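Protein chains: 2
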Amino acid sequence: MHPRLQAIYHIRCDPRSIESRAQAIAVEQSVEMPLAAIDDDFVRSDIVGRVEAIADKANGLFEVRISLAAETVGQDPGQLINMLFGNTSLHEDVVLHDVELPEELAKTFGGPRHGLSELRRRVGAPVRALTCAPLKPQGLPPAALANLAKSFAQGGIDYIKDDHGLADQAYSPFAARVEAVTAALRTIEPPGARAAQSVPSLSGDLDTMRAQIALAKDAGVDIVMVAPMIMGFSNFHRLVRENVSIAFIAHPTMAGAARIAPPLLLGKLFRLLGADAVVFPNHGGRFGYSPDICRALARAALADRDALRPCVPVPAGGMTGDRVREMLDFYGTEVMLLIGGALLEAREGLREATAAFVAAVHGYAHR
Amino acid sequence: MHPRLQAIYHIRCDPRSIESRAQAIAVEQSVEMPLAAIDDDFVRSDIVGRVEAIADKANGLFEVRISLAAETVGQDPGQLINMLFGNTSLHEDVVLHDVELPEELAKTFGGPRHGLSELRRRVGAPVRALTCAPLKPQGLPPAALANLAKSFAQGGIDYIKDDHGLADQAYSPFAARVEAVTAALRTIEPPGARAAQSVPSLSGDLDTMRAQIALAKDAGVDIVMVAPMIMGFSNFHRLVRENVSIAFIAHPTMAGAARIAPPLLLGKLFRLLGADAVVFPNHGGRFGYSPDICRALARAALADRDALRPCVPVPAGGMTGDRVREMLDFYGTEVMLLIGGALLEAREGLREATAAFVAAVHGYAHR
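Those protein sequences? They're chains A and B, same order as listed.
Going by the working numbering, the first sequence opens with residue 771, and the numbers climb by one from there.
Going by the working numbering, the second sequence opens with residue 771, and the numbers climb by one from there.
So here's chain A without its partners, still in its complex pose (with noise of 0.2 Å):
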């Protein structure tokens, strides 16, 4: 009757007090309080998680279902994670590793706005993987970037983002960025049918992002990067909502490595509240994650879920021009390439570096 939601955890336990274990869970994550001392028959019943499957997974792992009523998230994202994982997460052994949601509550936070299609639409690439470039680094004065901005597009970048450590820093103000690097993507004449977009990155509380996007749009800018886990899930929420025209590229940091799956965290959730496109550390570069927890971070950003336009994965972190091949191997086109440091590098070659790299993402042919 009343829809549920279902959270599965993996725990590190003794198989003895694995059941215990998990009817701690469930009670942490709804009551919070002894059950014994609980008059009230909507909340015995309703309320209270439920201990719904214990899964052994050999060698001291147990995953184990919990569901919970989706009236106690109501509609707020902030909500959401608190029901899930709170307290919980404050348990060293507790990893929250999926979730399932009603399909009304799915509908109620929306998904992307934008998602793969129309970041494929607004460069004018239908098929193909996308290209992404940063600016850094942090400490450069607006000019420096806006020129690094136009190498970029002249070698033929998609997106061109904002490192994510640039903020609104003394040396390199949010506005004054916004528009050295807008103005110079407008001297230039792309080599491909479109120009470069900028994508600015959002940092400060709510009200602060919400000018930053006015004047974000006054330059002309229609995507933006902020970090979920840094402004806070319902005011990204809320952002997504109130901006209708703006994609979002959500950033990883602060996303922790382990305790909440990254394909949950990064790929679903993140999806979930609107992201249209997410950074995440791809495998063999300078962050820890596995080839299969990429693969299954990518899948469920793509997935064909709830009515949920899809979400471009971005796989980055220490990428080389050189693994163009492997990465669309690996991820196909549904994808949008990030290399940074390694196109940097090249220096007064910027412009060459970038070319090769936007032809190698050109000249693929996806089997």
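Hint data in this document are derived by calculation from the structure and do not stem from the laboratory.
It should be emphasised that the depicted structure is a prediction, and the values quoted were computed from it without experimental measurement.
Some clues are possibly wrong.
No copy labels: a pair is met if it fits in one copy or bridges any two.
Unchecked claim - Straight-line distance between alpha carbons at most 25 Å, and here's what the computed SDA-like set of lysine to any residue pairs gives:
1. K987 - G844
2. K827 - E862
3. K877 - A940
4. K920 - F812
5. K920 - A806
6. K827 - D863
7. K920 - I808
8. K920 - D810
9. K987 - D977
Go by the hints and put chain B onto chain A.
Below, chain B without anything else, positioned relative to chain A:
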């Protein structure tokens, strides 16, 4: 010349690679690109993170001190945590252990507006420990929660907080709950000098929280609870700064997934951003914090530092009345004791159980 902040990491690492690992973190948390590709003198000398010290803590654990330019943070708390731990949070072998901020940055963030002495003054308790009890379980309608509040107040409790699972659910909307609870408290003749203070829990995005604060103020409330890890540091700080009369109790929900040392995150950083009190899981309860961690956390919340007002430690998470003496011996009286389930288990004896808890706290003679 330029002020720098110090980030102290604990890293599990092969001794032979700790130097390169430390240097990689210094780069990741600042310019995030190969140093050889950076020409700019200011970036090279100031913006690139610097490994200041590496100490072998034995058994494969190293303490690494990295300094970062304060200019990279600007005045934004979200950018502070982004600079301290953003991408490095994605590495499983690193814990953010401590942070030292330049004085002006601490002044910018400003810390608690009220703190220990004001929270004591508001309930007419200038020297003793404070008492707190939670309204739960979620799922109860406002009238039932108001009845619980009545019993707690009749028992003499200082602060009555919403459980952190109470949001704006259909079965107990925020507005109706605040109205019912505050109305109930107004009917009580308190056993002590002052009436119990209602502490509603805020949820949702920044605007929703602002509306909730306005509602709460109208009902005579001047203290609320928030979850900084769910609302985001920048939004927490903004709410504190724009509501000068409101005190804030910070809840630790979602604080565990990020691998930031609890004394730093819950003690130092929550206080820095304006928490007047901080709830945390006491040792020997439902969570795994050790006595040492709890002691360090309480010290970080209270310590005389950076001219910040003291933030009241609120040990909780499965506490019972028979631990009052032991907890006060451990924490001293600059503390707020929070007991929930153990009181609610008394059911029709709730008022008497509460009175016994309160008497134990009031009767404690600190050595």
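Hints broken by the structure, by number, lowest first?
-> none
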